[in-house]
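Keeping their order, the protein sequence lines are chains S and P. For the first sequence, the numbering used here begins at 33 and goes up steadily by one. For the second sequence, the numbering used here begins at 1488 and goes up steadily by one.
Hints were generated in silico from the structure; no laboratory data involved. One should not assume that every hint holds.
Unchecked claim - Here are the simulated DMTMM-like cross-link-like pairs (lysine to aspartate or glutamate), alpha carbons at most 25 Å apart as the crow flies:
id, chain 1, residue 1, chain 2, residue 2
1, S, 318, P, 1615
2, P, 1612, P, 1653
3, P, 1595, P, 1639
4, S, 223, P, 1501
5, S, 223, P, 1639
Remember, it's a predicted structure, so these values are computed and weren't measured experimentally.
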Amino acid sequence: MMTSVMGGDVEPGTGDDVSIERPDTESDRPVQLPRRWRLSDPLISAGATAGLLVVMAVVAEVGARSGWWRASTLPATSTMLSGVAGLMDDPQFWSDLTRSGLEIGLAILFGSTAGLLSGLLFWKLPTLGRIFEPYLVSFYAVPMVLFYPLAIVVVGINASSVVILATIMATIPVALNTTVGLNGIRPVYLKLSRSLQCKPHQMLFSIALPAAAPFIVAGLRLGVVYALIGSIAMEFVTAQAGLGYRIRYYYEIFDNDRMFAYILVVLVLSVLLTALLAGLERLVVKGRTS
Amino acid sequence: MSTIQLDDIRVEFDTPSGKVVAVNGVTQQVPSGGFVSLVGPSGCGKSTLLAVISGLTRATSGQVAVGGKAVTRPGRGIGVVFQEESTLPWRTVQENVQFALQIAGVDKGEQVERANWAIDLVGLKGFEKSYPSMLSGGMRQRVALARTLALEPGVVLMDEPFAALDQQTRIFLGAEVRDIWQRSQQTVLFVTHDISEAILLSQQVWVMSYRPGRIIDVIDVDLPEHRDASIVSSPAFNQLHNRVWSSLQEESKRGFRQQETRT
Ligand SMILES: Nc1ncnc2c1ncn2[C@@H]1O[C@H](COP(=O)(O)OP(=O)(O)O)[C@@H](O)[C@H]1O
Ligand SMILES: [Mg+2]
Chain S
33 MMTSVMGGDV EPGTGDDVSI ERPDTESDRP VQLPRRWRLS DPLISAGATA
83 GLLVVMAVVA EVGARSGWWR ASTLPATSTM LSGVAGLMDD PQFWSDLTRS
133 GLEIGLAILF GSTAGLLSGL LFWKLPTLGR IFEPYLVSFY AVPMVLFYPL
183 AIVVVGINAS SVVILATIMA TIPVALNTTV GLNGIRPVYL KLSRSLQCKP
233 HQMLFSIALP AAAPFIVAGL RLGVVYALIG SIAMEFVTAQ AGLGYRIRYY
283 YEIFDNDRMF AYILVVLVLS VLLTALLAGL ERLVVKGRTS
Chain P
1488 MSTIQLDDIR VEFDTPSGKV VAVNGVTQQV PSGGFVSLVG PSGCGKSTLL
1538 AVISGLTRAT SGQVAVGGKA VTRPGRGIGV VFQEESTLPW RTVQENVQFA
1588 LQIAGVDKGE QVERANWAID LVGLKGFEKS YPSMLSGGMR QRVALARTLA
1638 LEPGVVLMDE PFAALDQQTR IFLGAEVRDI WQRSQQTVLF VTHDISEAIL
1688 LSQQVWVMSY RPGRIIDVID VDLPEHRDAS IVSSPAFNQL HNRVWSSLQE
1738 ESKRGFRQQE TRT
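Can you build the whole structure from these sequences, using the hints too?
In structure tokens form, the structure reads like this:
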């Protein structure tokens, strides 16, 4: 069923490219397949996540306390949590968080916009799409960090260079998925819109974008994740502030408790972003599956 | 006012395996307020002919006029029910039916009113808030039908609208379509591959041949205006059925042989 396909799984057989998820937008699927867990699905997954977290927390706590591993390898849960609590009144933390949040937010904003626009462009001008798509796809294989020196030369060592590279990383999956989604619109929808004499903007907003929405949202999910990864990783490598930079800083001065507190914050951030996007996805596919 | 006039229509498609002549030399007329059914083997060019009349496809040569005006692009007066599933899965039944009206610039209150009327007409009352994915294929096709009927176009082109329906629903909806037509003065061109349906519904049946698609037989249906299911067993109906059937049979065989030799 569709929801599971779009939950990030890549369909077997089409898995030559991880970035292109292929939700089943055809509506001539078998009708009303019984789906027993339909209503409780989100509840179950939320419950499972919570359960898993509790188990992991307990294992970390017990493991560290009873000396299964050194506390410097992975501190006890309680230590990490108190570390996070300690960050709450640390102005340094808040300025790091603000900076990373800003970078990630800008990368998401610019990346989604650029991705959507290039997707639309590649759809409207198929020749251009055919030329650029292979490059976009192969861009995945390139570690973006390599471009960091270039970005530094161009804009200097500051938040801009992080935002630029994270934006590029976020743009690609959005652009690819948007292109695939728009190119996959069933021809009958285009016939319908012509037959009803839709104006270009009606055609775009009432037919094309909604029809491609499952793909676009899947792309946005990836884009957001890439913006986050890109920002944190880029800070980690070379930056003077931000969560990523701070993790590396505490790592280098052997302050493990603080380092893990920061790592935990980044984890929470990524879980929150993912949950937000999953919510958006649910909103978009509402009603499309039985 | 809404006569469909076809004058020597020819439609060619360029395909990787060469030129395909989908429709050739079709010169016919559906009188204003008339109901004509088009039957023919699959792939013979029925949908293509409909696309030409609706302005979605340009004929390679020949003229098509609706209400005396040449058709060069889609227009408000012509409503199409597509052969393919065409409901929008992100809209509810109500929203799907209102969509056409919305695009046509009908004001909100009237949109709701006309949509309700059309939904009632196709027997989907109570499903207004359902999404297409919750409905059967047949019900979805009825949504598409309602969407077109809500526009109240002067010309209605229907491309095998009931192909996905079960027999009972088919007969029920066929009667409904005929009823609407009788009350509305609409000009209807109805594609089907069900001979009984073609005869039962229409005033005239066109039989189309396979490759190149030509109209090889035109049969006037001189049955009484008021028709119910019992008419199917009348001798007059049987005679018409035999006539259409024999025209079609030759064609189907020929088409089948052609398809076989091509593959
Ligand atoms: N856009 C197109 N490009 C190429 N060939 C087409 C196209 N549309 C239809 N055809 C061909 O034209 C013929 C008639 O098709 P169609 O009108 O859909 O037949 P029918 O509706 O009677 O089944 C078929 O052989 C089909 O393959
Ligand atoms: Mg057809």
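Going through the hints against the structure:
| no. | hint | result |
| --- | --- | --- |
| 1 | S:318 x P:1615 | 16 Å, holds |
| 2 | P:1612 x P:1653 | 19 Å, holds |
| 3 | P:1595 x P:1639 | 16 Å, holds |
| 4 | S:223 x P:1501 | 19 Å, holds |
| 5 | S:223 x P:1639 | 19 Å, holds |
Hint compliance for this structure: every hint is met.
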